[in-house]
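Make a model of the complete structure from these sequences and hints.
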Amino acid sequence: MATRRRFLRAALAVPLVAGCAAAPPRIGARHYTPSGKPLRRVRVSQERVIRTVAGLRPYRSSGFVVAPQKFDDKLVVHNYGHGGGGVTLSWGTSHLAVQHVAHTEHRRCAVIGCGAVGLATARLLQERGCDVTIYAKALHPDTTSNIAGAQWSPASVFDPQVVDERFYTRLGASMRFAYRRFQNLVGAHYGVRWVSNYELYDRPPLRDVVHRRFPGMYPEMRNLSPAQHPFAVEHALHFDTMLIEPPVYLPAIMRDFREAGGKILIRDFRDRDDLLSLDEPLLLNCTGLGARALFSDSELIPVKGQLSVVLPQQEVDYIMIHRGIYMIPRRDGIMLGGTFERNEWDLQPDAAASARIIRDHQRFFSNMDDPWA
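In terms of our numbering, the sequence shown is residues 5 to 377.
Mixed in with the good hints, there may be bad ones.
DSSO-like mimics (lysine-lysine), calculated; alpha carbons at most 27 Å apart, straight line [to be verified]: (1) K267 <-> K74; (2) K78 <-> K141; (3) K141 <-> K74; (4) K267 <-> K78; (5) K267 <-> K141.
Hints in this document: simulated from the structure, not taken from any laboratory.
Put into structure tokens, the structure is as follows:
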């Protein structure tokens, strides 16, 4: 009888202990975005890196150039110098650019460049009834736009200490047009979707000048306390933004352009005279960093940005920015950045920078509270 009682006590104890071991983790509102998506940890390791890439941002401290310039019987309209905001501003500055050709009698146009800015310019010209040919030395997937993280938010576009109110007026007009245009493209076909963005700080954040001046284009913007997010920092600024996937978006816009009768020709122009030898009377200069040599713009400089891309994680669907590092979850891989190297022309990724990017993201995500991990 005593043996039977000991057996029953032991049998009853097993599920009790097992039940304690399997107690569910504490999951709360802070583990979700405001739209209800789980905030999951990115698995970062050197073994998960699938590629390392670098690109050169076409940066001007006084901001982008959208302006006409006459050369004998040719009208050149410049649309370049977008810094880290080329994809974001592409439709907006292109809208400003095509207004300079709206009242000419000519309808044959050449667009120079086939990144996000060139493609947006070409499509808007087509919508005005123009016959458009794109000339470019590089096409998808080999443009600077392909490397862009491409969240909708103009980053590293200008120096606030240099620009004036006239620039902010043009920036605001460009942002509003682009913001609305990209909303028309949300969906799988163009690779555009809404995501939560978390800017993280160790001290109370001061909203940057773009956020302060144009808050209406950053929905769900709010400051979060540590109890309202799962990251190991004191302060977080949240807002929703659109994320554009260049490997999907760029070929989709190229298809639209071709289906509307547009032509794309591969050509690398030696100098300005070579460019002006084109037959078209209207030339839209969307050459990005190439405008420095073609049109002698010494203010235009390269700012190198480097990314380590790790295997995609379907469950990770938010953007994170903290202390010079950032994470952007594209479908073809999670982009981990980054660097901001002024006047650096070398497109080869730097091994030390790659190691730092991985190390810093490992440290950050290892401290993130992910109850599902």
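Hints versus structure:
Of the pairs offered as hints, the one joining K267 and K74 holds, with about 24 Å between alpha carbons and a cut-off of 27 Å not exceeded. With a C-alpha separation of about 21 Å, the suggested pair K78 and K141 falls inside the 27 Å cut-off, and the hint holds. Of the supplied pair hints, the one linking K141 and K74 holds, its CA atoms being roughly 24 Å apart against a limit of 27 Å. Between K267 and K78, the direct Cα distance comes to roughly 20 Å. Compliance with the 27 Å bound is thereby established for this hinted pair.
About 14 Å separates the Cα atoms of K267 and K141, which keeps this hinted pair within 27 Å; it holds.
The structure shown violates none of the earlier numbered hints.
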